[in-house]
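Q: These are the residues of each chain, in order.
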Amino acid sequence: MAKSDKTYFLRKSTGLIREWNVTDVFMYLVLTFNVPIFLALAYTQGGWMDPGASLPLATIFVAIGTTFLGIMYSMLIASMPRSGGDYVFNSRILHPVIGMMTGVNFTVIWQMVWNILMSQYFANAVLGPWFTTLGVIFHNESLLATGAWFLTIPAILAIMIALYLVNIMMHVVGLRNYAKFQYLMFAFMCISFILIVGVPLSIGHLGWVNNFNTLVGSPDAYSKVISTAVGYGFEPTKPFSLSGTLLLMPLPYGALLAVYWIAENAGEIKEAGSLKANLTHILGSNVFGAVIIIATSLALVSVIGQDFLSSLGYLFFTGKPEYMLAQPPYAYFLASIASNNSIIISLIFFGLLISGVQISYNTVLAGSRNLMAASFDRIFFEKAAHVSERFHMPTYSVLAMYIIPMILTPVYLFTGFGTMLLGATMANAILFIATSVSAIILPWRRPEIYRASPASKYSVAGIPAISIIGAINLIFNLTVASIIFTTPAYGLVNLPSQVFLAATFLLWIPVYYGFRWYRAKQGINVDLAFKEIPPE
Amino acid sequence: MSSPTHADAVTEAMRILEMADEAGITLRLLGGVAIGVSCKESTQPEFSRVYGDIDFIGLGDDGKKIRQLLETLGYAPNKTFNGLHGRERLVYYDLEHNRQVDVFLNVFRMCHTFDLRNRLRISPFALSPADLLLTKLQAIEINEKDFKDAACLLKSKNLARKDDPNSINVEYISEKCAKDWGIYKTITKNLKELIHYVENQLKIHQDELVSKTNEIIKGIEEKPKTTSWKMRERIGERKRWYDLPEEKRERVPIGG
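Chains A and B, in that order, are what the protein sequence lines are.
With this note's numbering as the guide, the letters of the first sequence map in order to residues -19 to 516.
With this note's numbering as the guide, the letters of the second sequence map in order to residues 27 to 282.
Check the hints yourself; a few may be wrong.
[What the hints assert, rightly or not] Within a straight-line C-alpha distance of at most 27 Å, the following computed BS3-like cross-link-like pairs (lysine-lysine) qualify:
(1) B/90 / A/160
(2) A/250 / B/265
(3) B/256 / B/229
(4) B/66 / B/188
(5) A/160 / B/256
(6) B/229 / B/205
(7) B/91 / A/363
[Stated by the list, open to error] With the C-beta cut set under 7 Å, the calculated list includes, among others, these residues of chain B facing chain A:
(8) 72
(9) 132
(10) 135
(11) 269
[Said to hold, decoys possible] Cβ pair distances, simulated, as ranges:
(12) B/252 / A/361: 15 to 25 Å
(13) B/30 / A/483: 53 to 63 Å
(14) A/428 / B/215: 47 to 57 Å
Just so you know, the hints here were simulated from the structure itself, not pulled from any lab data.
Backbone N, C-alpha and C fix where the C-beta goes; we use that ideal spot for every residue, glycine too.
Work out the full structure: start from the sequences and follow the hints.
A: What follows is the structure, encoded as structure tokens:
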């Protein structure tokens, strides 16, 4: 019998066991938040923006909001347990082009943005401070020189290549083997966090001040930070400000919003069709992440002092020449000042390094699955869905998401292009706005999908719970988006950033209609694919 | 060049096995067709049934050769599935007869997991009788076909304390159940349900089948349990002890 040379469909079940369990997903989400990285500057930035703002309270507000976000996504995942998350939800409920503009856009373009930034982060914010700190402890010129080298462009490019190679290997070994390695990443991240919080607490305020003065080489360096900021007219002490606290919300939001991220790989997690399982790992990680942020904030404020943190943040973020530290006031760097023990310091930085590797991995894991989903629906290149039988991964999609950032990283490093990349959190908020609308209208727009979903069991006064939760999320994310859009500190109050942000959404319109036209010429009606959820 | 597939699943399975052997590939049957090949009683009216899909297990190192073999024999691959999961599982389709061929590599992973890479040479065409029984009874949502096949296996084979093609190794089954509480839970539950099936539906060969089943249960219960087994037992059913395979129907693009 000749092998079939035409494409048609069979109905068969695979009996596949999905790869990740609830614990795997919980750790994956917590690593994706990566609080030490994403909130590295929040503890001083917040104090600079408004000394009366409370980061712990802002975190609680955000955690309440992301709780509703997590519930909404738990319901959507249970309704459509397939990889490609927002692309699948929005393309099936709203319109395919909206699915591309939101889901594919955010998981592909904006995740490549993260990949561009990660190389610089590792070099400048982890390896540089690590070796510099060790050089100070051991009075070793080579270590100091190495620390300084990590702040250079060649170092960033070298780190980029190493990071991407490690990540590609992580994709090649498969999800099950990655999950085993993930235990290690999670453990070291937790160790790092425990030390960031615990080491400063162990020496107390006076001990930390003494260490800081020794580091800077002046007996009154600590008090000078405050007095210098005051000299510029900055007020480091202010009464509690609710408005300031609300303006701070985008900072913890930038970390905790990732509570939904597993939706992009829902086809690969066990019990994705179970609302209870989804709520467990999503809401569990939400609480865990919020606790990390709040605990770190309380520890740093109680040991280092809010006045000092606010003043230090002011000097750094306004670019004052009196800012005396060799690197930005990263929270973990400030915490490491509490110790002269090279092992403790190395554990802090190693935990950041090994857990940070996951960020680049998860961006491509999500993006490649979105590209595959769009390709299966015939509205993207077929090669995007090609899976290598040798490497067991969607080779072209994965490699594209590393090669494109590799090409753009030098552009980012040598031009002012980087300022346009600050819209990532805003892009995420816009995505959530669209998906919230999908959740609100799901029961009426796709009643057959809704009725088959565990979410359909829940309603309030006859109104589907998923619609109510979607409405709450819509209000919350519109609020956060408006704060980001109107607060200069978040980098979007400038035309180039706004144009870039808009362009990343709009470019998918010609992509969708272009492929739709092309498939029609091939005799393929792409609309049929969107009448049902994708296959396994 | 591909060749025609047979309509009869057992005949087709033997064709595949013959070609695999010629190619130096270690491949063994499991599932219903394995029972059909291994048990002469399978043709008896009380045990006979129509076999749909064909399931094999092979060695991971032979993965590439197995793919080439099946495509040569006329099977169409699920390329995306095989690409993503080809370390452990391959799926092929006989388009002519609307039949699916599953190939597990090294590990059988469904509701429970069995690493079988060192157990593929006990019997000539299929898994050992003990592994066939375990893979049949590991299903949480066990159905009448599984009971019928399990009963046929028990009728055809003796019970023993070692592996051979004509005996069910009770010691091996007991060891598996003594190390993993989840496997113990599912296997013993299904063995008891098998007795119920024999007594209430099959209603033939009752004495022999019930006696053999009880002997296996006795062997499992008497086997000393590991520490991890005991710790897991304390949690019990509060935590799920099995996986659930994705059984939803899917649309599969062939050749894409």
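Q: Each of the hints needs a verdict: does it hold here or not?
A: Hints, one by one, checked against the model:
1. At roughly 26 Å between alpha-carbon atoms, residue 90 of chain B and residue 160 of chain A fall within 27 Å of each other, so this suggested pair holds.
2. The suggested pairing of residue 250 of chain A with residue 265 of chain B holds, with an alpha-carbon distance near 14 Å, which does not exceed 27 Å.
3. As the CA atoms of residue 256 of chain B and residue 229 of chain B are separated by approximately 37 Å, the hinted pair breaks the 27 Å bound.
4. Between residue 66 of chain B and residue 188 of chain B, the direct Cα distance comes to roughly 21 Å. Compliance with the 27 Å bound is thereby established for this hinted pair.
5. This hinted pair checks out: residue 160 of chain A and residue 256 of chain B have alpha carbons roughly 24 Å apart, not beyond 27 Å.
6. Between residue 229 of chain B and residue 205 of chain B the alpha-carbon distance is near 34 Å, which puts this suggested pair outside the 27 Å criterion.
7. Between residue 91 of chain B and residue 363 of chain A the alpha-carbon distance is near 25 Å, which keeps this suggested pair within the 27 Å criterion.
8. A least Cβ separation of about 27 Å between residue 72 of chain B and chain A goes past the 7 Å threshold, and the interface hint is therefore violated.
9. Because the beta carbon of residue 132 of chain B sits about 13 Å from the nearest beta carbon in chain A, more than 7 Å, this interface hint is broken.
10. Because the smallest distance between the Cβ of residue 135 of chain B and any Cβ of chain A comes to about 5 Å, under 7 Å, the interface hint for this residue holds.
11. For residue 269 of chain B, the shortest C-beta to C-beta distance to chain A is roughly 5 Å, which falls under 7 Å, so the interface hint holds.
12. Against the hinted window of 15 to 25 Å, the Cβ-Cβ separation of residue 252 of chain B and residue 361 of chain A comes to about 52 Å, which falls outside the hint.
13. Here the CB-CB span from residue 30 of chain B to residue 483 of chain A is close to 56 Å, well matched to the stated 53 to 63 Å.
14. Against the hinted window of 47 to 57 Å, the Cβ-Cβ separation of residue 428 of chain A and residue 215 of chain B comes to about 35 Å, which falls outside the hint.
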